[in-house]
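K.L.:
With chain A held as given, fit chains B and C onto it using these hints.
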Amino acid sequence: MSEPILKISDLSTSFFTNEGQINAVDSISLSIDQGEVFGIVGESGSGKSVTALSLMDLVESPGEITSGSISYRNAELADTLREEYPDAVDGAFVDILSVPESVRRSLRGPSFSMIFQDPESSFNPSVTVGEQVAEAVEVQRRARSNPRSTHAKTRGVEYSLSGYLTSAVLPSKRFVTTESKERAIELLEMVGIPDPIKRANEYPHQYSGGMLQRAMIAQALAGEPDILIADEPTTALDVTIQAQVLDILSELQEDVGMTILLITHNLGVVARMCDRVGVMYAGEIVEQGTLEDIFEHNIHPYTAGLMGSIPALDNVGGRLHPIEGNVPSLLDSEMRDGCYFADRCPKAMEECLTKPQAFDGPGSEDHAAMCYLATHEYEEEQALPDTYFDSSTEVMTDD
Amino acid sequence: MLKFLFRRLLQGILVIWGAITILFVLRAFSPGDPAVLMAGEGADDAYIEQVRQAEGLDEPLLSQYFEYLLNIMVGDFGFSWEARREVEAIVIGRVPATVELAVAATVVALVIAIPLGVISGTRRNEPADYGATLFSLLGISTPNFWLGLMLILVFGVWYGIPYPSIGTSSFSLGGFAVEYPNSVGLGLFDFPTGRREIGFAAAVSALVFEQSVSELGTWVRYITLPALTLGTYFTALITRLTRSGMIDELGKPYVTSMEAKGLPRALILYKHTLRNTMIPIITVIGLQIGTLAGGAVITETVFNWPGLGLRLIDALNARDWPVIQGIVLFIAIAFVVINIIVDALYNYLDPQVRES
Amino acid sequence: MISDRVKSNLKQSLSESILPKIGLVLFIVIIFMALFAPVLATHDPTSTGYFDPESGSAYPPLGHSYDTEIAVDGEFTAVTVEANSTHLLGTNTVGQDVYSRLLYGARVSVIVGISATLLAMLIGVPIGLLAGYYGGRVDDGLMRVADTMLAFPALVLALALIGVFGERPIEIPDPIVMAGFADGMPETIPIPGTVTIVGALVIWVWFARVARGEAMSLRNAEYVKAAKSFGTSNTRILLKHVLPNSMTPIIVLATIQVAVIILLEASLAYLGFSGTTLSWGYEIERGQDYLRRRPWVSIFPGIGIMLAVISVNLLGDWFRDALDPNIDQSKRGA
Chain A
1 MSEPILKISD LSTSFFTNEG QINAVDSISL SIDQGEVFGI VGESGSGKSV TALSLMDLVE
61 SPGEITSGSI SYRNAELADT LREEYPDAVD GAFVDILSVP ESVRRSLRGP SFSMIFQDPE
121 SSFNPSVTVG EQVAEAVEVQ RRARSNPRST HAKTRGVEYS LSGYLTSAVL PSKRFVTTES
181 KERAIELLEM VGIPDPIKRA NEYPHQYSGG MLQRAMIAQA LAGEPDILIA DEPTTALDVT
241 IQAQVLDILS ELQEDVGMTI LLITHNLGVV ARMCDRVGVM YAGEIVEQGT LEDIFEHNIH
301 PYTAGLMGSI PALDNVGGRL HPIEGNVPSL LDSEMRDGCY FADRCPKAME ECLTKPQAFD
361 GPGSEDHAAM CYLATHEYEE EQALPDTYFD SSTEVMTDD
Chain B
400 MLKFLFRRLL QGILVIWGAI TILFVLRAFS PGDPAVLMAG EGADDAYIEQ VRQAEGLDEP
460 LLSQYFEYLL NIMVGDFGFS WEARREVEAI VIGRVPATVE LAVAATVVAL VIAIPLGVIS
520 GTRRNEPADY GATLFSLLGI STPNFWLGLM LILVFGVWYG IPYPSIGTSS FSLGGFAVEY
580 PNSVGLGLFD FPTGRREIGF AAAVSALVFE QSVSELGTWV RYITLPALTL GTYFTALITR
640 LTRSGMIDEL GKPYVTSMEA KGLPRALILY KHTLRNTMIP IITVIGLQIG TLAGGAVITE
700 TVFNWPGLGL RLIDALNARD WPVIQGIVLF IAIAFVVINI IVDALYNYLD PQVRES
Chain C
756 MISDRVKSNL KQSLSESILP KIGLVLFIVI IFMALFAPVL ATHDPTSTGY FDPESGSAYP
816 PLGHSYDTEI AVDGEFTAVT VEANSTHLLG TNTVGQDVYS RLLYGARVSV IVGISATLLA
876 MLIGVPIGLL AGYYGGRVDD GLMRVADTML AFPALVLALA LIGVFGERPI EIPDPIVMAG
936 FADGMPETIP IPGTVTIVGA LVIWVWFARV ARGEAMSLRN AEYVKAAKSF GTSNTRILLK
996 HVLPNSMTPI IVLATIQVAV IILLEASLAY LGFSGTTLSW GYEIERGQDY LRRRPWVSIF
1056 PGIGIMLAVI SVNLLGDWFR DALDPNIDQS KRGA
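Residue numbers (the numbering used here), protein chains in the order written: chain A, 1 to 399; chain B, 400 to 755; chain C, 756 to 1089.
Since the hints were made in silico from the structure, they are not lab data. Keep in mind that a hint or two might mislead.
[Unchecked claim] The calculated lysine to aspartate or glutamate pairs, modelled on DMTMM-like cross-linking and capped at a C-alpha distance of 25 angstroms, are: (1) A/Lys7 with A/Glu120; (2) C/Lys776 with B/Asp528; (3) B/Lys651 with C/Asp1072; (4) A/Lys198 with B/Asp444; (5) A/Lys347 with A/Asp366; (6) C/Lys776 with A/Glu19; (7) B/Lys651 with A/Asp57; (8) B/Lys402 with A/Glu202; (9) A/Lys7 with A/Glu131; (10) B/Lys651 with A/Asp238; (11) B/Lys402 with C/Asp902; (12) B/Lys402 with C/Asp895; (13) B/Lys402 with C/Asp894; (14) A/Lys7 with B/Glu525; (15) B/Lys651 with A/Glu64; (16) B/Lys651 with A/Glu120; (17) C/Lys766 with A/Glu19; (18) C/Lys766 with C/Asp1076; (19) C/Lys995 with C/Glu771; (20) A/Lys355 with A/Glu381; (21) A/Lys198 with A/Glu186; (22) A/Lys7 with A/Glu19; (23) B/Lys651 with A/Glu101; (24) B/Lys651 with A/Glu60; (25) B/Lys651 with A/Glu202; (26) C/Lys762 with A/Glu19; (27) C/Lys980 with C/Asp895; (28) C/Lys995 with C/Asp894; (29) B/Lys651 with C/Asp1076; (30) B/Lys651 with A/Asp118; (31) B/Lys651 with A/Glu131; (32) C/Lys776 with B/Glu525; (33) B/Lys651 with A/Glu84; (34) C/Lys983 with C/Asp894.
As the structure is a prediction and not an experimental result, all values here were calculated from the model.
Chain A on its own, in the form it takes in the complex (with noise of 0.2 angstroms):
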């Protein structure tokens, strides 16, 4: 068994709006191996976006890291800091919400990358794809080869107007080199896209969706980074192409190594790609374990819910079955102390009332749920009458 990369604990993320503090990510703990595709499921709203965000620390103003650590390995990155951050280094682990912005903002690249859901906005439409996967090569090679070699690795490269105004006058003193841009079309083409010098001088919107997922992964992978976060990486895309990406995605986890982060709401997606899982509700992960702790020994009514209502390739014609109700709102003030789940659980007795700890669950070590079922069996006696959260009955959405 592989050691940890990265260890998230009591990871919380609010947005603080007109409306009230909205708890998008709530005290979530889980790690990630090296090498390991880790998945994150859940509804839409269930933070799930939020988390991967946090950890590229793009949440964006009103939204907060409210608490919590994210501890990631990387011995050379903790020697650098070790003297300057004493509190943020232990052993090999940094933990990176103890570290300025700007060093935050260094691992960005060559430690973690990310690829979003929707490739057409995720690129500037008046920018070739080429030129825009080069700037993300050309951040990384300056920032490597820093003179200041000891804060090479932990400062941003610096870029300023006047630097901006030259390169508008002078092609040689532009941002981005002519190295980066071959380079970025060995990118191009190890992502698959065909006649890639040509493709390089084209705009986003000459792309297809796929062919631009493939771009998006290019960018990406610039910075060789340790970690891949993945955010719905195929929803956008036709079920052809969704194949074709998540082939892309998993060669380069066998190649490299790379250990990748996968967030979908798609379980197909998940059974196919993942090592381990975490199921997100309401901000909280509500089960984690092996993909078969979760597929074949979930405890979690929740879990549970979401496998039933993958429509099966042998029940054709058969119904879905979806979870009644819809994921809880996040306000602070509107949320109850008890199990976020009991009003739409079909299974919530009266201790879920008070909140469930994350219980040991039957199947691997990792196997771990915040459910009561995991310590005893449903007690029908116990059973929260229907009416008792008189709560909606709409039918669950999954978009």
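P.N.:
For chains B and C alone, coordinates are given in the frame of chain A:
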């Protein structure tokens, strides 16, 4: 691209033809005798009769119209009976001053507005943003002739900064002593009329051929306040547009994606979002050239700046229709031409339009 | 015509931001000044000769004084002109009360601004609706005319129109004075008639364009198609369905255009082409030649114009933000 330009050019010609027609119709159906209108104020009957003959005003309207159209096509804008000169000569003589003023105002506007808009748009709800918002609200709401006078008051009169202030304008009230200074401070700038000591071309040629900077310095000193006056509305407008454009662009997913690949913030701001923000703003600037021309009329009057606008006001006071018509038509043609150029630029900058 | 949703949006943005509040208060103050100018004024705005008797010069605003020279027996003596308590903001260069003229100036601005905008709406909206609704040649023709009109800068076109038609004020009777509530005030006030008409001719094309766009999109709306299928006449559809539903953007546009007209009127008056002297713009021009010693003559009317335009612009922003659901949807899902 060529096809687009051709179509746009054709449209432009149509608009100019329309403009010529409107001006002709205005004259043809003006109340009173067109010959009186053409002859200018204070002409006697014999002279009016002479004008009527010479201009063919007794001919049928349709033939007058075609005559007028043909003349304009060959660059003959008519004859000013008041000034006794060709209208096109009058117009061309006044163009440099106005172009200098308009370009200087645009430069002032862009130099101030874009950074201000960027700061305001990237630091929402911070003091800098409130300041920029207040500035742009005041800027689009202040009448520029008043702004010009206030600038003269503050710079020229109260602080005694040597700056050439206004002289009497030809239509101001007579009979009262004129008290405000023709020159302030050093007395170096005592000019009875004409507030543009030297043209830009002359200043530059002095710099190049005689290595003399003072001409250019004079030019700059003279154009500063008029350019600020004319440019303020523009500055305020572009600040507003840049601010909302930046906010819009920065909210787009591609910005997050660029953050994720580790690009420096400044690179994202300037190379990507600002550029994308400017693309639509360029079109607005083109359409606002009209406002700039209108503002130039006022600014030139305030500062006695010898451009087209001041000449237009003089012509209006003398009821010198051929000159009024010539200047108005020239401004309309300039507007159309500038907008064709702007559209071409827009096409060049926006790949989505360019490639399709 | 104004739905509950729109009303609640308006209320919400009024309570959320300070700017609409400022705009509304300013607007009410200016309308109040304009309506009750004869009652609020301290002097007949047209009577001249309120000069300091010693120097024969204009009074400064209250709390100020200035030095000037008078000729006594061929020799110049320096005298200080003190403010006169009846002339709050002093008097101008022909000895008129600045405060009273400021109030009447508000009247002229408000009347011209609103009536020219209404006139432009009356011309532009029907043309735009017809062009957009029927499309085809009418529409093409309108668009070409619109393009042509837009090639003329507003002020330049207005000047050309005035060059042909001259400038003519319209004397309109003052109901407050007629009713005997304000004795000694002028019974009629001159409104720059040509400027009003010219202003409308300059801006109508914006209304036509907006109305056209709305009509074009509403033409294909389901309820319009349904009405057509019931055999409802086109006139009825235009009046009952298309017009009411296109009012929102037209109202937003109208608000902004009032500001444009106020500035246009002021500019024309400043240049001396409005045909009336009772105008903020004209007052500024009048003070311009005496800027050093008597700056108040120009300063106050300028502030008047600025506040009027700011108020209308703020109202316009308020309406636009509240009525246009597409603005500021920058909140992104998590």
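K.L.:
Let me make sure I understand: some of the numbered hints might not hold for this structure. Which ones are they, in numerical order?
P.N.:
1, 4, 9, 14, 19, 22, 33
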